[in-house]
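All chains, full assembly: derive it from the sequences and hints.
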Amino acid sequence: MTPLKPVAPGARVALGVAFFVLFFAAWAAATFGGYVSATFLADPATMLREGWSLLAVHGFIKDILVTIWRVLGGFVLAAALGVPLGIAMGAYKPIEAFFEPFVSFARYLPASAFIPLLILWAGTGEAQKLLVIFVGSFFQVVLMVAVTVGNTRRDLVEAAYTLGVTDRGIVRRVLLPSSAPEMAEILRLVLGWAWTYVIVAELIGSSSGIGHMIMDSQALLNTGQIIFGIIVIGFIGLASDFLFKALNRRLFPWSLA
Amino acid sequence: MSAEPFIHLAGVRKVYRRGKTEHAAISDATFDVMAGELVSLVGPSGCGKSTLLKLLAGLHAHDGGEVRIGSGAHSFDPARDVGMVFQAPLLLKWRRILENVLLPAEILGLPMAAARERARALLALVGLSGSEDKYPYELSGGMQQRAAIARSLVHDPKLVLMDEPFGALDALTREKMNLELLRIWKEAGKTIIFVTHGISEAVFLGTRVVVFTAGPARMADNFQIDLPYPRTLDLKTHERFGEYTRRIYKLLGLE
Numbered sequence: 001m002t003p004l005k006p007v008a009p010g011a012r013v014a015l016g017v018a019f020f021v022l023f024f025a026a027w028a029a030a031t032f033g034g035y036v037s038a039t040f041l042a043d044p045a046t047m048l049r050e051g052w053s054l055l056a057v058h059g060f061i062k063d064i065l066v067t068i069w070r071v072l073g074g075f076v077l078a079a080a081l082g083v084p085l086g087i088a089m090g091a092y093k094p095i096e097a098f099f100e101p102f103v104s105f106a107r108y109l110p111a112s113a114f115i116p117l118l119i120l121w122a123g124t125g126e127a128q129k130l131l132v133i134f135v136g137s138f139f140q141v142v143l144m145v146a147v148t149v150g151n152t153r154r155d156l157v158e159a160a161y162t163l164g165v166t167d168r169g170i171v172r173r174v175l176l177p178s179s180a181p182e183m184a185e186i187l188r189l190v191l192g193w194a195w196t197y198v199i200v201a202e203l204i205g206s207s208s209g210i211g212h213m214i215m216d217s218q219a220l221l222n223t224g225q226i227i228f229g230i231i232v233i234g235f236i237g238l239a240s241d242f243l244f245k246a247l248n249r250r251l252f253p254w255s256l257a
Numbered sequence: 001m002s003a004e005p006f007i008h009l010a011g012v013r014k015v016y017r018r019g020k021t022e023h024a025a026i027s028d029a030t031f032d033v034m035a036g037e038l039v040s041l042v043g044p045s046g047c048g049k050s051t052l053l054k055l056l057a058g059l060h061a062h063d064g065g066e067v068r069i070g071s072g073a074h075s076f077d078p079a080r081d082v083g084m085v086f087q088a089p090l091l092l093k094w095r096r097i098l099e100n101v102l103l104p105a106e107i108l109g110l111p112m113a114a115a116r117e118r119a120r121a122l123l124a125l126v127g128l129s130g131s132e133d134k135y136p137y138e139l140s141g142g143m144q145q146r147a148a149i150a151r152s153l154v155h156d157p158k159l160v161l162m163d164e165p166f167g168a169l170d171a172l173t174r175e176k177m178n179l180e181l182l183r184i185w186k187e188a189g190k191t192i193i194f195v196t197h198g199i200s201e202a203v204f205l206g207t208r209v210v211v212f213t214a215g216p217a218r219m220a221d222n223f224q225i226d227l228p229y230p231r232t233l234d235l236k237t238h239e240r241f242g243e244y245t246r247r248i249y250k251l252l253g254l255e
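Listed in order, the protein sequences are those of chains A and B. 1 is the number of the first residue of the first sequence in my numbering; add one for each residue after it. 1 is the number of the first residue of the second sequence in my numbering; add one for each residue after it.
Don't read these hints as lab results, they were simulated from the structure. Think of the CB as a built atom: it goes at the ideal place given N, C-alpha and C, for glycine as much as any other residue. Only true hints are included.
Straight line, CA to CA, 25 Å or less: simulated SDA-like cross-link-like pairs of lysine to any residue:
1. B:54 / A:168
2. B:236 / B:142
3. B:93 / A:171
4. B:93 / A:172
5. B:93 / A:161
Computed spacing ranges between beta-carbons, pair by pair:
6. B:183 / A:1: 46 to 56 Å
7. A:11 / B:249: 54 to 64 Å
8. B:168 / A:188: 27 to 37 Å
Derived coverage of chain B by chain A (criterion: at least 3 residues anywhere in the stretch with Cβ under 8 Å from a Cβ of chain A; other residues may be distant):
9. 71-82
10. 86-94
11. 100-112
12. 130-143
In C-alpha cells form, the structure reads like this:
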C-alpha cells in the first residue's frame, strides 16, 4: 500500500461493508459456537427476533421517537444559545476575556455528574433530559465556535477593510461566512455527543426512551434487546451524520477545495 | 496635469511597539506622486514598504510627518477612492468570481446594475471572461490574482495600492501579469503604487522608483524611469534598463 493514495469509490464501499460482515461473523461464531453464554451475550438471530418483538409488540418505536425528540430538543437549545455566544466571543476579544475562563472550566464538568442535581431541580421529566444534553453540549459548542471564528485569516479581514467594510460588516461579511462550514462540522460532532448524553440521562430515572428500554432489558437479562437498542442508536447516529454531511455539502460547495 | 502632486509624503514616520522596545518601520519617507503615475516601491523585506502602503490605505495611522492624498484637481475620499491588491488574492471563497468583484460596489452602495456591467467589463479586461460564475477554488492562483485586480478597480478608485501582488506567482506568469498590469494601467488611467522586492520588476513597471533599505528602515532613493511606454520584455535588454537596476542593486548593497 502507498501512503495517502486514495482508494477507488467502489472499493471504499466494499471495504466498509466487509468489516461489518466480519464483525457480525465473529459475533455469530462466538455465540452460535457456544463460546459465550447466551445469558451474557445473545446471538444475532435472537437479537433480531427480540428486536422485532420490541417493535411489533412493545411499541419500541415510541421510545425511539421520544429519544430522538430529546436529542434534537437539547441539541437545538444548546446550538441556539451556544453558537451566537461563540461568535460574539470569537469576534470580540473583551467578550471572550469575560466568558472564556468560566466556559473552559464548565466544559470539564461531566454532564452525567449533573444528573442527580438536575433530577432534584427539574424532576425526571423532559426538562431534565433536555438539561443534561444542554449541559453536555452547550459549553463545547461555545468554545469550539469561538476558536473557529477567532481563527479567521487576519489578511482576509484586512483586505475586507480596504474594500470599505465596517466593523460590524466584518462579522457579517467575513467572519460568519468564512467559518460557517466549520461551525456546521462542530454541530455535527456535538450532535453525536448529544446521543451519548441522552442515553445516560435515560438510564437513570426515566420511564420512556431507548435508554429506559435498555435498563428494563437488563433487569430481565434480555441481552438481545439491549444489543438491538444499541444498534438502533448506532444506525440513527449514522443516518443523522449522513444527513448532516449531505446538507453541509449542499450549503457550502465552495469549502470542499 | 496640475503641478500639485496627488500624494505628498513628508518625513513620514511609523513606529511599532512591542512591550517597551520600539521598532521603526519607517523613519523618514519623503516623496511625491503625480496623478496617473505608476510608482514602484522597492526594497528588501522589513524595509517598511508594505507598512507605507498600509498607511496610504488608511489601515494604520502614521506616528509623524505628513501624509496628504488628493489635490485641488483630484479630490480624494479615503472611503471610496482606494483599491488594494495583496500578495495573496484574498477572495471571499464563498462568493463566485463576479460577486467577489462586485463586493466593493455593494459595500459602497453603488447602483448595482451599472456596477455589474462594469465588473463584467473589468473581468474581460483582466482576461477572465467566462469565469464570472465560478468559485475561487476553481481558478488557478494567477487567475485569482487577476480577479483580485478587477475587484480593486470596480468602484473606480483614483488610487490603486498593490502589495507584491505577483510575489506568489511563478516567473513566467509573473512576466505576463506585468505586461497585463501595464495594459490595464494605460486603459484605466489610475494612479498606482506598486510594492515589490523584485528590482527588475520595479524598473520595468514604474514611471518612478522609490528605493527603501532595511536595518534601519529608511528611504534611500527616488528617481524617474526614463523608458518609453508601451514597454515590452525587450526593454529588459535595454542599456538604460541595466543602469537603473544596477543603481538599485548598489543602493541595496548588492554590488
